[in-house]
Structures are given as structure tokens and as C-alpha cells.
Amino acid sequence: MKDLFTTGEAAEVCRVSQQTIIRCFDAGRLEGFRVPGSRFRRIPRQSLIKFMKENNIPLDAIESGKRKVLIVDDDAEIVELLVDVLERDDRFETKTASSGYEAGIATERFRPELILLDYMLPDVNGNVVCQTIRKNPNFENIRIIIVSGVVKQDEISQLLKSGADDFIKKPFDLAELTGKITAALQMK
Amino acid sequence: MIEDGDDLMPDELSNSVPIDAIGIARRVEFTVGRLDSLSTLPSVAALYLPRLIQVQLQPSSLTDIIESDPALTAKVLSLIGKFGVSFPPGRFSLHKSLDKLPPDSVRDAILSIKVSNAFELDRAAISNKRGLLLHSIAVACCAGGIAEAATPRIDSELAYCAGLLHDIGKLALEEAMPKGFIKIVEEAQSSKECSCVIEQGHLGTDHTILGKRLAQKWGLTNPIVLAIWLHHSEMPTISKDMPETRIAAVVQLADSIARESGIGVSGSFDVPRSEQQLIQGLAIDTEKLQVIRRHLPEAVEQKIKLLGLDMPNAIENYCKAAHTATARLARQHSELSRENRRLQSDSSHLGFATDFLLDISSSADVLDIAENFAARWQKFYQTGMVFLYLAPTAGSQTLEAVVVEKLGQSRVVSLNIPADTSAIPKAIVEKFAILNAYDHIDWLLEQLDVDFDEHRTRLLPLLSTGKAVGAIAFELHYPSDAEMYAEKFSNSGSIAAAVLSMALTQQKQQDFAEHFARLISPVVSSLPVEPEKGPAQNSVDALAEMASGAAHELNNPLTVISGRAQLLADAESDKEKKEILEQIYENSREASELIEDLMSFAEPRQPRSSQTNVKQLIDEAVQLTVRKINRGDFDIQINVAEDTRDIFVDSAQIASAVANIISNAVESYADKTGPIEITVETEQSEELVKLIIGDHGCGMDAQALKKATLPFFSAKAAGRKRGMGLAYAARFIQLNKGTLNIASEPDRGTTVTIHLPCR
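If you're matching them up, the sequences are chains A and B in order.
Everything in the first sequence is counted per the numbering used here, starting at 96 for the first residue and increasing by one.
Everything in the second sequence is counted per the numbering used here, starting at -19 for the first residue and increasing by one.
Derived from the structure by calculation, the hints contain no laboratory data.
Take the hints with a grain of salt, since some may be wrong.
[To be verified] Per the computed footprint, the stretches of chain B lying under chain A, defined by three or more beta-carbons under 8 Å from a beta-carbon of chain A, are: (1) 417 to 429; (2) 658 to 667; (3) 672 to 678.
[Claimed, not checked] The calculated DSS-like cross-link candidates involving lysine-lysine, where the alpha carbons are at most 27 Å apart (straight line), are: (4) A:K148 - A:K161; (5) A:K190 - B:K558; (6) B:K300 - B:K285; (7) A:K230 - B:K558; (8) B:K300 - B:K283; (9) A:K264 - B:K558; (10) A:K145 - A:K161; (11) B:K159 - B:K197; (12) B:K285 - A:K275; (13) B:K76 - A:K230; (14) B:K285 - B:K220; (15) B:K283 - B:K406; (16) B:K468 - B:K608; (17) A:K264 - B:K359; (18) B:K283 - A:K230.
[Unchecked claim] So these bits of chain B aren't anywhere near chain A, every CB distance computed over 10 Å: (19) G288; (20) S342; (21) K488; (22) S542; (23) G543; (24) R585; (25) Q586.
By construction, the Cβ of each residue, glycine as well, lies at the ideal position given by its N, Cα and C atoms.
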């Protein structure tokens, strides 16, 4: 369970803009604290829930406690595999997409917290999808892990530069994959 | 104003007791003062109406009517004052001034003049009105003549107007309180008084003051205001001291003469005095005055005829004229409204085009422009969803398009074109037409995940110089409107097409430039001589490509195998089955590692070359070999020439390559541990360093030699050791611009010669 939220994360959970959260925070309508020695705002889980209740924001995004993961791969069996792996683990809620285009739409609608992104997609390369998602300020808090069987070492650093948070090779060790996901989402 | 010598009106002669004289005066002034104009007669209106509704109105064509009616004259003079029309001093001309006024204002002003309801007045009132009018006309004609005859000459037209308007106070009173006015006139008549006196008695004010106020309110010029105000005052005295009141003096004289002539009803019945003084004051020749007197009746008669005052059926004619005028004006109004609407529509289109063009930056991308335009189209034409697509480049199977959903949310998509289909329907590829979208591009719209309404979606081309650059489909709320807007759509579309066309050209040029740059750069940069690849090398490159392609395909199924095995293993409690599942997982991992090897063989990373000391490199290679084969006991002899130059290579890769060769050499000795001889010297050319690794092991036969550097080839009899060693070595050396040569003889040994570059 996520105990502490940044303004960006709170914005995603509440489905409002980050500016709105900041304003509410500064106006005292959303309780929180500032990280000592910096200007960063942090919102404890309870105050966020309280705020959401007060403002009639649906709590499904936070109550379920499940982290939302979007799985993007054009191979249907791999997608199924990943869905099975993640949903067996009660901590995750998944949605899938099979092309860069669909990934864009799904990101918009589903607002995942993490995207497992295959590098080789039928319509566009994973790094383009990465960059496009990063370009949108609404999505700056989404973690992206690129999954691929076909990447050279130089390309891996390119990917990390274009916005991916981590990388894992196919075929993968399930424990390693889950480890990378929880690390990226700062789960315990 | 009370005349000299007159007593104040005795109370018993008045019908109403003026309890509050000032209050009454105020009320009267207020009522009269509210008039915007005097009213005119139906017959006069019947005359001017047909002329007013001419399409091209020449105001001066109405001069004759205007200058015969006080209401009209007052109105026109007021306009002249308002528009600041100037005239040379002393030479006022109504005719000329009229032409300087805007015809529309003249028409509106005259139409605003009330036409008195002559049919509702009783006989007494009608005759009063007529009488007053005639009197005014008489004074006017007289005043004009007198002014002409006076010395020095006074502006005669101005004097005429002053004369015409001198009694507007009375006319206004008559209009505001006709019954009261009749009484006043009767009283004046019976007591042989100037009406001013009676008026003052009853109303606390008189027609000169009221007239002055009206004249000022309507903005009439000062001489006229003074004439109206002072025509019952001591003009001879006043005009001596104040020259600007000379016209007032003229009017007083004219009034006197007019009354004597008995024309009209002036409403005053006192004996006109001061005539002689006036005549003297104005220095008029008596003869001339006589002429004026004589001609007066004639002049007035002329005006009467002109105005049709005695015309029967005046009211009928007026009604007819009014009706016609209204109908005509209504029609003109409708036409103007239509024209106005059309111009507004054009103007808003101009706004649409301008905003669009101004919003585009010179470096805008084609798709950005398309998105911008599509969103604007939706907003301006108030359509539903919009879909704009660009004509694909020749031979391409995909096209790019923009979809605008509700509220301007837009995105760019890339769609497929099935073979044998033209993206832009033939009907609109070169000419403009509005088509039903689903009849022509349903195959395209299906690929989107939004549904355009089948019945309401129209498609039209974006044409630039006769060719469609793209097309736009949109949902109309009122599809039947499409034809009405056809021209507007065509124009807007053409503007977009022109801009898109330019952006596309720009993009093509950029692409061409980049492509061209790429082509010429290898030629331009100086390269060291690349060693020619032998046939074995060529097949290695081919293999590399194949390996790269196969890897992706293989990794996906392996992922599924590995993942599912893991999942099943995790869930399995039976020990044996669990072991089996883990075996599956392990093996899929090994398969994956094989692919990795192939991959890095196929496309190893680019060498990061630096100046490398050969001796150090060889030491490194030996250490690598020890780690690789888990043995350190082999016998190795290294001989590096003193003057050996440094080589320019990726030391890690070359060390690895050399290690592979050394390990092969070690393994060629079945029972022994060596020797393995390594010799290094610089070639004569000073460009290359030669490195020789030799052994006296089992060697290879000709067949084996041919395949030595191929991946997975192993001459060893059995065992699953992967035969990648030499393949790797060859690859790395090739990448670092070196060469590899192998000489071998069965049972004699093998010598591997490597050349590496110094620069």
C-alpha cells in the first residue's frame, strides 16, 4: 500500500491536474507536509483519502490499493503470460495494449502507474512510445519498463535516456520482473 | 415678455386663474420644449414622400417644398447645424447646403417629422393652422425681399428662413394646446392685443420665448434665434446697437407688412408700430418696399399652389403616399439585411482563414498544421467529429491522418491502405465535390476506433493547384446544409491545402537533404584501407544478419515457455513434477543464452579503440584464457619485439579474441600442455603489427580449416561445447580493422596470424 504520495501521484489518483493538488495543498484543503530541507510536498495516504471523500472523488483508484499496470506487447501469449503473472499477485490491476497506438489510448484512459512496454511493436518502436508518453506532462509520473529480446547494449542506454525507467530482457525470470516492477513503483 | 406701456393682464379677463404662474410657465415650456419638430400637413407630406424614397436621393431636389414649410425648414436647418455645413457669410443657400448633407440623414430627418392629424381637428383649429402657415410664408417672402433691398445688403435667404420660422413658438403652442391657443387668439382679437400679452397673462410665457427655446434646442443659427426671440421687441433701438440683430429687424418689418396685407392669421391684433423707424434703420428705398408689398400676395399664392394646400383629397393622397413609401423602404431594408448577412459571413470566413494562417509557424510540421486546421474546422463550422487525412506518398501502403473528437481533442494516427485502393476517391482527386463519406472511405473510417455517423458524415477534398493534397470528413448536424456551404468549404479547404502542400514540399526537401548527406559522408571521410573480406567473412556477415532477425522471433516463444514453466513450477507441490518444470525453465534460459551469443556475434558492440600496448594485451589475453578454460597449467611462450608499435584497437575485444585462439591452441593438445608460441613484430610498412600464435597440436584438415571460423562449428568429435571461439575471434578482429589467417596441418599444428592496425 502506498503510504505517501507526491503531488503528481495524488493528481493521478484523483484524476485532476497537479496544479490543482498544489493549490489545495497550499490552501490547506489537502493536508500534508513538506520534505524537510526542500520545497517538495508530500501527502499521507489518510489525508488524501479524506480529501477525496470530501470532494466526492471516487476512491477506487486508491482504495483498491492495487497498482495499475499497462502491458504493451503485440504477442498475445506473452501478454497473457504477463497478465497471469501480475494478477496472481494481488497487488496489481492490469490492462493491455497491442500496438503503440493502442498504448497511447490506453494510457489516456486507464492512467496506469507503470507500463511494461515491448520494444518491437508493429506500428512504432518502444522508444517512440516512451518519448511520446514523457512529452505529456500529465504522464510524467508513469514508470516505464521496457521489455525486449532484441536490444543491443548501446540501445539500452538510449532507451533509458528517452524516458524508460528500467529494462528487462526476454525471456525473463519472473521474480526478477516482479522485483523490477515493485522497485519502480517504490513498493515494499 | 411684456410690451412697453402695456398693463399687466387683469385677472377677470382670463379664464383660468393663474395660481402658480411660474409653475404653469414651466409646464408649458416643458411640454412645448419636448417637441422634436413641428408637424407638417398631409398634403405637404404627400408631396415629399414619393421624392424621398428615390433610390438616389438628391436632397436639393426637395428645396422648393422644404423652404415653404416651417417644419421642414426648421428640421433641415437643424441638420445643417448638426453636420456643421458651412456657407459663405452673408450668402446662405438652402439649396447648396442641402447638397452638402448626407442624403440618408436628410431622408431620416424628414421622415421623422409628424404629419398632423388634420382629419381630427375641428374647423377652427384647421383654419388657425392654415392661417398661421400663410402668415409665416408671407413674412418669409417679405423678409427675403426686404433683406435684399436693405443697405447694406443682408443675407436674403437667411432672412427668408428667419421670416418663415419667426412664429414657430406660436405653431408649437398651437400644436401642444390647440384649444387653448384658439382661446388666446380670440382674446387677442377681441382686445386688439399682441398675442404675446395674452400668452403671458395665461401662461406666464410667450411664443417668442418658447420659439427661442425651441430654436436653440434644434441648433438653429444665431440670427434666426434672435429673429424669433426679438421680432416683437424694440428692434430699431436694439438693432442700432447690436448689428447681429439686423435680421430680427427685417423680420419685424416683414411681419408688420404681412399683417397689413391681411394674408394669413398672425394671431396678433395690435397695431404694428415702428415701421418707419425700421425702414430707416435698414436704409431701404421706399420704392423697393412698395414693389415688395405689391408682389407679396402673388408670392404667397405661388407657395400655396406648390404645397397643394388647397388640394382636395390631401389626406387620401397622403395615406397612399405613406403606404407606398413604407412598402418601398421595407423592401430596401430587406435587401440591405441580406447583403449585410452575406458580408458578415464573408468577413467571418476571412477571420477564420486569417487566424489559421497567422497561427502557423514557418517551421510547422505537416501533421501539426493538419491538426490545427481540423480543430479549427470543427469549431468554426460547428461540426461533430472531424477526420483529416493526407494523400499518401506514391506507392506507400500507409497514410497519416488526424482525428478530432469532441471538444477539440485531437490525435494523429497512421492507417493502412489496402492494395488497389486509392486513398482519395477518384471523384474528388482533381475537382471539388461533397461526397457521403461512408460511400467512399468506409475502409478508412473503420480503422479508427471512433464511429462517425453513417448518415451525416461528408467528405470533401483539399485541393491545391487542381490536385488533392488530402481530404477532410466531418459530421454535420444538418447534412442538408452542406450544399449551401459548398463554396465556403471549397475556399477554406483550398487555403489549408496550399499550406499543407508547402509544408510537405519543405519536408521532402529536408528528407532529401538528409539522405543526400548520409550518402556522401562515407565517401568524404578518409578511411584506412579496409582489408578485403574473404569468402568466409562474407558468409559470416550474412549469418550475422540472419542471427539478428532470428533472435527476436525466437525470444518471444522462449519467453512464453520460460514464463509458463516458472508459473507452473511455483504452483506445483509435487516434487518430481516441480523438478521437471524447473528443467524446462533452465533449458529455455540456455536457449536464450545461445541466442544472445549469436546476437553479440552478429552485432557486437562497436569497438572503442585506443592506443594499446601489445604486450599488455597479450598478458590480458592469457589471463582471460585461464579463466575461460579453468586451467593455468599450459605452457606459453611470448616473444614481443622491442620496437613493436602500439595498436589502435578495442583492447577488450582483441584480448578476448586472442584468448579464444589461445584456448583453442591449448585444446589442440590432447595430452600435453603446450607449447604455445606467441610472436609479435611490426610489419615493414609500419602500419600493421603482426601477431602469430602457433601450436603443434592436432591441427585441422582442409575441410575443418574452411569452416574454422564459422559459428557453432567444432571439429571436436563429441561434446556440446559451443564452437564459437574462433568465430568470435574472427569477428572481433574484423571489426577492429584487422585480419586473421589460419594455417594448419593435421597432426602438425596450427598457426594463426593476426594483423592489427597501428592507427
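*Looking back at the numbered hints, which does the structure fail to meet, lowest number first?*
1, 2, 3, 5, 7, 12, 13, 14, 15, 16, 17, 18, 22, 23, 24, 25
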